[in-house]
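Here is what each chain is made of, one letter per residue.
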Amino acid sequence: MAAIGAPAHNHYRSNQPSDHADNGFYGQDILSVRQFSREKLSYIFGVAGEMETLVRRFGSADLLSGKVLANLFYEPSTRTASSFMAAMVRLGGRVIPINEVHYSSVSKGESLPDTIRTLECYTDIIVLRHPEMGAAQIAADYARKPIINAGDGVGEHPTQALLDLYTITRELGKLDGLKVAMVGDLKYGRTVHSLTRLLSLYSTDFYFVSPDILRLPADMVAEVRARGHRAIEVEDVHEVIGEADVLYVTRVQKERFNDLAVYESVKNHYVVDPELMTAAKEKMVVMHPLPRVGEISYGVDRDPREAYFRQMENGMFIRMALLAAVLGKA
Amino acid sequence: MAAIGAPAHNHYRSNQPSDHADNGFYGQDILSVRQFSREKLSYIFGVAGEMETLVRRFGSADLLSGKVLANLFYEPSTRTASSFMAAMVRLGGRVIPINEVHYSSVSKGESLPDTIRTLECYTDIIVLRHPEMGAAQIAADYARKPIINAGDGVGEHPTQALLDLYTITRELGKLDGLKVAMVGDLKYGRTVHSLTRLLSLYSTDFYFVSPDILRLPADMVAEVRARGHRAIEVEDVHEVIGEADVLYVTRVQKERFNDLAVYESVKNHYVVDPELMTAAKEKMVVMHPLPRVGEISYGVDRDPREAYFRQMENGMFIRMALLAAVLGKA
Amino acid sequence: MAAIGAPAHNHYRSNQPSDHADNGFYGQDILSVRQFSREKLSYIFGVAGEMETLVRRFGSADLLSGKVLANLFYEPSTRTASSFMAAMVRLGGRVIPINEVHYSSVSKGESLPDTIRTLECYTDIIVLRHPEMGAAQIAADYARKPIINAGDGVGEHPTQALLDLYTITRELGKLDGLKVAMVGDLKYGRTVHSLTRLLSLYSTDFYFVSPDILRLPADMVAEVRARGHRAIEVEDVHEVIGEADVLYVTRVQKERFNDLAVYESVKNHYVVDPELMTAAKEKMVVMHPLPRVGEISYGVDRDPREAYFRQMENGMFIRMALLAAVLGKA
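Protein chains in written order, with this note's numbering: chain A, 1 to 330; chain B, 331 to 660; chain C, 661 to 990.
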């Protein structure tokens, strides 16, 4: 809510009690996975399921007819931008895509708060992707209209974590009692961090599979253990493939290594291919936030345990649910 | 209207008598503030007021359902482009955004007339932003469909001037009898030139506040005086702050100065901050076309006399009014 | 249809008998002019005619309400992209424009199949423009949703050829028995190749008018003759202007010539101007895929035989027809 610069007539956002039927989403910003309790997750996942039914049956609805979304991307992300656009238009809303901010007033020196306060004059909700951590919070501090964080640098990307968690429950039918292996770059991957945080709300056992130099930050491991979870760190995915209910794969980037010999020696520990999959359980899922660049071979695409494209589709349903909830139409 | 190249079947634009209820806007181009009389301004402002009511109550309408706008931007302008897009979609119309013309057929050497005649095959109206003065007139000469000038270089930006004037009447309740201070770069600012021209239709007293090298062109000062207005030129905003009903602030760019010592010595004469505002009237407004880069401090954002963000919102209402009027649905 | 990577629930594309009332378009990809028989062309042209009526009377319709199109352009093409966007929105559908793929996941190394399989999660149909020949076929191999080829390098651009053919029948009232002169760069012009292929389905006499180094590939000339057509190759448009029912003009690019003296000596053989037109029949048409850069002088724009801007408009009607047919709503 605007600390400074609030216009005289704040006609939009009202103060709703948080125990309202919308579970407190109406008019709120979506900035971090830390905002989500099990109850809120359950609510949003329920709405996402209704959205899937709606899309399968009718293609789209009129729930957000008359509403306008600003899709403000300070860095390109075809996948996330397209997913939000599709979510909005399938709810009957309209989208103003703003992808070229490097050319626009931002490059003339305008501050993020002014850009946000301009765009909210035209729109009902703003989706923001920004390269700097904390940008979404700054935007929300100045805006009267709701802000949805679509990734702020090494900070958060809450809608990605929500769609990941939703995919797990859709694929496996539950969230408690699962063994989840996070694979790849666990040090810099905000996706892994956010999903780990959400899974900590459930009785999850964690396997953290990474090269030594890309281990999950020690404080995150400690936090997970302090909440009572098993957390095992290993260096080779082969050690855990037989146990995992979820294999969440991310990319190990060559550039992270100072010693390329080290990279060469470990890189095959993080590649998922049909041979590796022969050691996996029959009922489990392979996930990936995409794009992939070799860490999952195309051969796995034929495997029924592949869930990464269904993950993409779930992203649209989750974003439909969030847009509807925040705009009071869920 | 097309002098050459007019297709055989001109099915769109009809010859309406100019005393029609739409005040002669139907099918017309909007190229310059010189097209606007007090009567036409009053008509458009009335429609803009209705648009505001419509947006506050319903978010959007179906007035332009079935209509398609080409938003053709040869140079980026997030603010103006977004405002036109929002205006069109809130009226139920559709927008085809064309922002990358530097990559497209224009860069292959295609002429503006051919681009315009192509786009009008697909659309009902074209909004054009172009870096060259006169581009909008050329477009209109060749087009069968209406053209709205969204800025043509150092030429005109009529919808900006209209929203500025509309903001003054919305904020202060009148247009006659006001003292308006134009502050900053008055030499190159097309915004100032166009607004001055519109305000000349009313009984306005002008203060032109600028560094010596950025004074309003002498012929414009002469024109204003010839129409019977008081026009006082000063170099420091402090001299007029106590008198102004409207403080219209624009940026003084460092790059305009050959002698940076001169820039350093005068730059603080054109900064609006809370201290300066203590000397202003209780009932007045501070305006700015945005983006700002330091010429209005953030502290002023909390001042109720701040009108620059409401200005942005009014821009959408004015553009809704123009689109509806030109497309015959006002 | 997806050979690999097909998701578990293929809820969209059904197997329709090809003799269905939709003439077999429902759920199909549009990749090449080779897919089109005279019967299919006749069907699509009939639908395009209905689309024209619809646009003239109502502006737009609700046929594709609820449907979402991904307009995926790996290289810019304002004209084609805008035409597809306009076609989709005039049918009540929504468009997700993706123009900046050079910045996006493609530049991060993502493969075209993954991009396609992601976008089809959000959308109902994908229009693809790609610089590499064969890209559209690859996309179609992986996609569950229909792909429309909007140009793949030196490969095909089937919707352009369809709109060209449709323009001929709309302008001249028939397709059989015409003398068609293809003028300009016949070696590299995919437009000429595709249109020639379609015209080969009718009793057409061909004149191929080009510099020696830019002649139609010999195998294409042979193919045309093998199908029983007259095919005359000449170097100067003046030789055929008096005979042609259709003058299809393309650009002769200076860069194609090693010897600029040769270019200078022949360039005027391929310029259409009012003087040349005095030698043309009274009932004939001048066409061009646009953009033009001097090969048709502006003076010809006033000539009633000019058809290149009507060609543009027909492009929208043809694309509306294809979208409606492929999505089962024609």
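Don't read these hints as lab results, they were simulated from the structure.
For every residue, glycine included, the Cβ atom is placed at its ideal position computed from N, Cα and C.
Be aware that a few hints might be false.
Claimed, not checked - Some chain B residues well away from chain A (every beta-carbon gap over 10 Å; in silico):
hint: 1; residue: 364
hint: 2; residue: 409
hint: 3; residue: 484
hint: 4; residue: 559
hint: 5; residue: 562
hint: 6; residue: 658
To be verified - Some chain B residues close to chain A (C-beta under 10 Å, calculated; not the full set):
hint: 7; residue: 391
hint: 8; residue: 408
hint: 9; residue: 416
hint: 10; residue: 417
hint: 11; residue: 609
hint: 12; residue: 622
hint: 13; residue: 623
hint: 14; residue: 639
hint: 15; residue: 640
hint: 16; residue: 645
field: Nearest-CB test (10 Å) between chain A and residue 562 of chain B
entry: Holds: least Cβ distance 31 Å, greater than 10 Å.
- prompt: Holds or violated: is the Cβ of residue 409 of chain B farther than 10 Å from all Cβ atoms of chain A?
  reply: Label violated. Min Cβ-Cβ 6 Å, cutoff 10 Å.
field: Interface-negative label, residue 484 of chain B against chain A, beta-carbon threshold 10 Å
entry: Given that every Cβ of chain A is farther than 10 Å from that of residue 484 of chain B, nearest at about 17 Å, it holds.
query: Regarding the assertion that residue 364 of chain B does not contact chain A, is the least Cβ-Cβ distance greater than 10 Å?
result: Its Cβ never comes within 10 Å of chain A, the nearest being 28 Å, so this holds.
- request: Would you settle whether the hint for residue 416 of chain B is holds or violated, based on the nearest Cβ-Cβ distance to chain A being less than 10 Å?
  value: 4 Å, holds
- prompt: Close enough to count: is the Cβ of residue 623 of chain B nearer than 10 Å to one in chain A?
  reply: 4 Å, holds
Hint check: 10 Å Cβ-Cβ cutoff, residue 639 of chain B to chain A: Since chain A brings a Cβ to about 5 Å from residue 639 of chain B, closer than 10 Å, the hint holds.
Residue 408 of chain B as an interface hint toward chain A, with CB separation required under 10 Å: The hint holds - residue 408 of chain B has a Cβ within 10 Å of chain A, the shortest such distance being about 4 Å.
Supplied contact hint for residue 622 of chain B, tested at 10 Å Cβ to chain A: With a closest approach of 7 Å, the residue 622 of chain B hint holds.
query: Once the shortest beta carbon distance from residue 609 of chain B to chain A is found, is it less than 10 Å?
result: With a closest approach of 22 Å, the residue 609 of chain B hint is violated.
query: Would the stated hint for residue 391 of chain B survive a check requiring a Cβ distance to chain A of less than 10 Å?
result: Hint holds; residue 391 of chain B Cβ to chain A Cβ min 8 Å, cut 10 Å.
query: Any CB of chain A closer than 10 Å to the CB of residue 645 of chain B?
result: 8 Å, holds
Hint compliance for this structure: hints 2 and 11 are not met, and every other hint is.
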